[in-house]
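Using the sequences provided together with the hints, build the complete structure.
Residue strings, one per chain:
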Amino acid sequence: MKIHEYQAKEMFSAYGIPVDQSVVCRSVEDAVKAYSQLDSQRVIVKAQVHTGGRGKAGGVKLAGDEVELRKHVANILGMDIKGFIVDRVLVGQAVNISKEFYVSYVIDRRTKSAILMLSKEGGMDIEEVARVTPEKIHKIVIDPSIGVPDFLAREAAFNLFDDIKLVRQTAGILQKLYKLFVVSDASLAEINPLVLTNEGNIIAIDAKMTFDDNALFRHPKVAALNEPTEEEKKELFAKSKGFSYVNLGGEIGCMVNGAGLAMATMDVIKLYGGNPANFLDIGGSSNPNKVIEAMKLLLSDKNVKVVLINIFGGITRCDDVARGLLEAFKQIKTDVPVVIRLTGTNEKEGRALLEGTDLHVANTMGEATQMAVDLAKQLQN
Amino acid sequence: MSILIDKKTRLVVQGITGRDGAFHSTKMKAYGTNVVGGTSPGKAGELVDGVPVFNTVKDAVYETGANTSVIFVPAPFAKDAMMEAADAGISLIICITEGVPTLDVVEAHNFIKKKGANLIGPNCPGLISPEKSMVGIMPTMIFKKGSTGVISRSGTLTYEVVYNLTANGMGQSTAVGVGGDPVVGLYYQELLSMFENDPETDSIALIGEIGGDAEEQAAEYIKNNITKPVVAFIAGQQAPPGKQMGHAGAIISSGAGTAAEKIAAFKTAGVPVANEPSMIPELLKRKM
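In order, the protein sequences belong to chains A and B.
Residue numbers for the first sequence follow this note's numbering, so the first one is 25 and each next one is one higher.
Residue numbers for the second sequence follow this note's numbering, so the first one is 3 and each next one is one higher.
Take the hints with a grain of salt, since some may be wrong.
Mimicking EDC-like on lysine to aspartate or glutamate, the simulated pairs with C-alpha atoms at most 20 Å apart in a straight line are [unchecked claim]:
{"#": "1", "chain 1": "B", "residue 1": "115", "chain 2": "A", "residue 2": "132"}
{"#": "2", "chain 1": "B", "residue 1": "245", "chain 2": "A", "residue 2": "251"}
{"#": "3", "chain 1": "B", "residue 1": "29", "chain 2": "A", "residue 2": "371"}
{"#": "4", "chain 1": "B", "residue 1": "115", "chain 2": "A", "residue 2": "167"}
{"#": "5", "chain 1": "B", "residue 1": "245", "chain 2": "A", "residue 2": "254"}
{"#": "6", "chain 1": "B", "residue 1": "146", "chain 2": "A", "residue 2": "371"}
{"#": "7", "chain 1": "A", "residue 1": "200", "chain 2": "B", "residue 2": "51"}
Quick caveat, the hints were computed from the structure, so don't treat them as lab data.
Pasting the structure below:
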């Protein structure tokens with residue numbers, strides 16, 4: 025789950041991580057009010073959207089007076105940045121930057137731990153740095169049973185500074201950021217750039233935090249900050265009904281039990297010359313209500329011309345699935361042809377139950393996919 | 003020999019009195035797995051299908067000599083269950099639970115390794131050594147004893163592949179579901195190495211998916227360390243970037259972790275990659 029820069033900065037402040045002074049504004053008048061509150065002639069106006077590349081898109085501008093401020097805020101509010109419409113800007117004191125650094129904590133799959141990444145190449149695209157000059161990124165694996173003790177924080181900070189005063193300041197920030205990362209169940213806590221100001225202070229002038237979806241159940245305040253896109257709302261709705269859904273845009277809707285098998289089904293549809301309309305994992309249940317909700321969701325997509333149901337019943341019994349489907353089709357009337365493949369526990373009983381219905385029954389995944397692709401082609405002609 | 007579980011496995015089921023724990027414990031026992039006990043705090047003395055319930059894993063180990071545990075405990079409590087098992091001296095811990103917070107897995111895994119034990123999962127279907135033992139939720143009727151080792155991040159896709167293998171007369175030595183989460187315990191390299199050293203395994207089927215770079219690392223490892231034939235299938239060629247595809251670990255992040263890259267890595271390492279699951283048996287036969 026993502027949050028905005030200003031929300032991340034609020035979290036940073038709560039944990040004692042120094043940030044630039046800033047105010048979130050939703051209108052030009054808000055911004056003018058903020059300008060008078062901020063102790064700075066020069067301010068920076070930053071679009072608040074859930075995507076990177078704001079600067080390149082013209083969503084980050086410096087203003088030296090109220091006239092410039094009004095102009096920039098008016099331009100940036102309502103701007104479309106990679107499909108996100110800006111409805112908030114962050115107006116903050118422009119800082120006199122002496123040096124810029126990169127600092128983040130992220131989960132690393134390889135080491136199965138959190139790692140601390142630091143670099144003197146701050147204020148840049150870190151992926152670019154990783155690609156071109158990987159040796160400029162320092163990585164420290166964090167042992168979860170000890171976290172970031174003073175010695176480790178210092179060792180890390182010595183990668184960025186030689187001056188012991190700056191090292192100690194930075195070390196403190198690194199410890200606080202780790203604490204925030206762990207306590208909030210983040211998957212990323214990034215400061216890019218962490219700056220050394222001309223006045224000798226170290227502050228975070230940008231902040232990015234993303235959170236582990238699996239942990240949101242124990243962070244209701246964080247979960248409340250979620251701002252899903254229209255597409256994400258559909259995906260969340262599906263989750264609330266007990267299945268996973270991602271729209272893909274093709275004409276063959278699919279419903280499968282198991283994420284890996286669902287991904288493989290999408291791939292095989294494409295292999296056989298069709299286009300998957302979606303990814304849908306209904307999990308291990310033959311509950312008719314789930315099947316009904318899933319079918320409704322699939323059929324609400326007007327691009328769907330054929331539905332392919334691919335079930336490998338392990339613990340889930342094929343006859344239970346068949347009964348669920350029959351129940352579902354009593355409630356949903358549709359002209360969209362449905363191909364169903366049932367294999368596994370009680371497959372014979374399951375297939376028998378579906379005889380005499382309009383459902384096209386296949387025995388193998390390949391057969392079912394070919395049927396669905398052929399039906400879709402027929403309907404297109 | 004098979005790997006990890008066999009007739010010597012003595013299994014304790016954590017969460018045995020819950021709906022899933024009880025259901026699967028009965029199935030495992032019916033298959034012939036040596037289910038020696040279960041745990042549920044406060045329910046010591048009860049029996050689940052003849053299996054004694056203990057308050058703690060420590061008690062279970064003391065009374066039964068359990069060496070393996072399977073966890074059917076809800077996500078908020080899974081870390082605690084994993085750590086309890088390791089602390090009690092269990093050497094192989096299989097966590098079935100989906101939805102465990104990643105930092106919980108990081109902490110539990112770290113502790114488990116310090117105790118000299120191994121973790122499989124979380125968010126996995128478990129593992130099976132046909133005709134010897136099954137730990138987890140695998141549908142045993144599709145498996146057949148044989149000599150192909152199977153390693154997979156998936157559940158039902160694993161069954162699809164195994165179904166095809168069995169239908170083609172290629173039984174399995176051991177099939178391991180490593181789980182669909184971003185951070186899991188035993189993964190490709192450890193299992194490939196175990197299969198390489200297992201006299202009962204003569205070939206390996208590897209089922210991967212989008213997200214992370216474990217497949218790329220595995221490809222490199224196979225090139226340098228594995229002599230037995232390996233064939234792969236990678237799910238998610240049609241997955242759009244940035245979307246989590248069901249499994250918490252199945253996500254293409256910042257352009258990395260695509261199926262195309264994984265397929266290319268395997269091909270470079272001389273590992274044939276099937277276009278669809280049903281092609282795996284033929285590709286394996288050709289390689290042997």
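- prompt: Looking back at the hints listed earlier, which ones does the structure fail to meet?
  reply: 7
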